[in-house]
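**Q** Protein chains in written order, with this note's numbering: chain A, 141 to 231; chain B, 141 to 231.
Errors might be hidden in some of the hints.
Which copy is meant is left open, so a pair is good if it fits within one copy or across any two.
[To be verified] Subject to a maximum C-alpha distance of 27 Å in a straight line, what follows is the list of computed DSS-like cross-link-like pairs (lysine-lysine):
| no. | residue 1 | residue 2 |
| --- | --- | --- |
| 1 | Lys174 | Lys152 |
| 2 | Lys199 | Lys174 |
| 3 | Lys152 | Lys199 |
Think of the hints as simulated: they come from the structure by calculation, not from any bench.
Number of protein chains: 2
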Amino acid sequence: MSKNNVVYVGSKPIMNYCMAVIESLRHSDSVALKARGRAISRAVDVAEVTRNRYLSGVKVESIDIMTEELDSHDGDTRNVSAITILLRNEG
Amino acid sequence: MSKNNVVYVGSKPIMNYCMAVIESLRHSDSVALKARGRAISRAVDVAEVTRNRYLSGVKVESIDIMTEELDSHDGDTRNVSAITILLRNEG
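Please construct the entire structure, taking both the sequences and the accompanying hints into account.
**A** Written as structure tokens, this is what we have:
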């Protein structure tokens, strides 16, 4: 999967990421939504809004959750949960 | 799946829900974590912390995301994203 087919979800409005997903799916059959920490909820929103409002042919192919280690400012590492939602355009 | 095998994740500390999951898995092979809206991120944390820190034999069997309609105070309905994480104890 090329870099273009990953949308990293952060703290911007949901619609920004929906547009990025829709644009990705113009060039590819699938796109991965990735998020960490509190942005995980927003990634789920992006997947649901994209499917329900814009692209009804898009299916959730797989969802994975994992723990990632982040380096914090004081030199320690800190664990943060992460999610990858793989969307596929079947429409 | 009986009611005892569902843990609803809300705004309490993560550890409360981890303890509920561990208690559920004493009586059953599987437990479902359910959350809506911003609690979705916390449900992922609960799954990851339980697996990494307490019960290494617990696997994520499936993850589903969906949209639920909530009645708001003004009589309208409001869409909210939801997640169900099914954990199975294989250890």
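**Q** All the hints need checking, so say for each whether the structure fits it.
**A** Status of the hints after comparison with the structure:
1. Lys174 <-> Lys152: both (14 Å within a copy, 25 Å between copies)
2. Lys199 <-> Lys174: Classified as both: same-chain Cα gap 16 Å, cross-chain 21 Å, threshold 27 Å.
3. Lys152 <-> Lys199: within (23 Å within a copy, 32 Å between copies)
Consistency note: the structure conflicts with none of the earlier hints.
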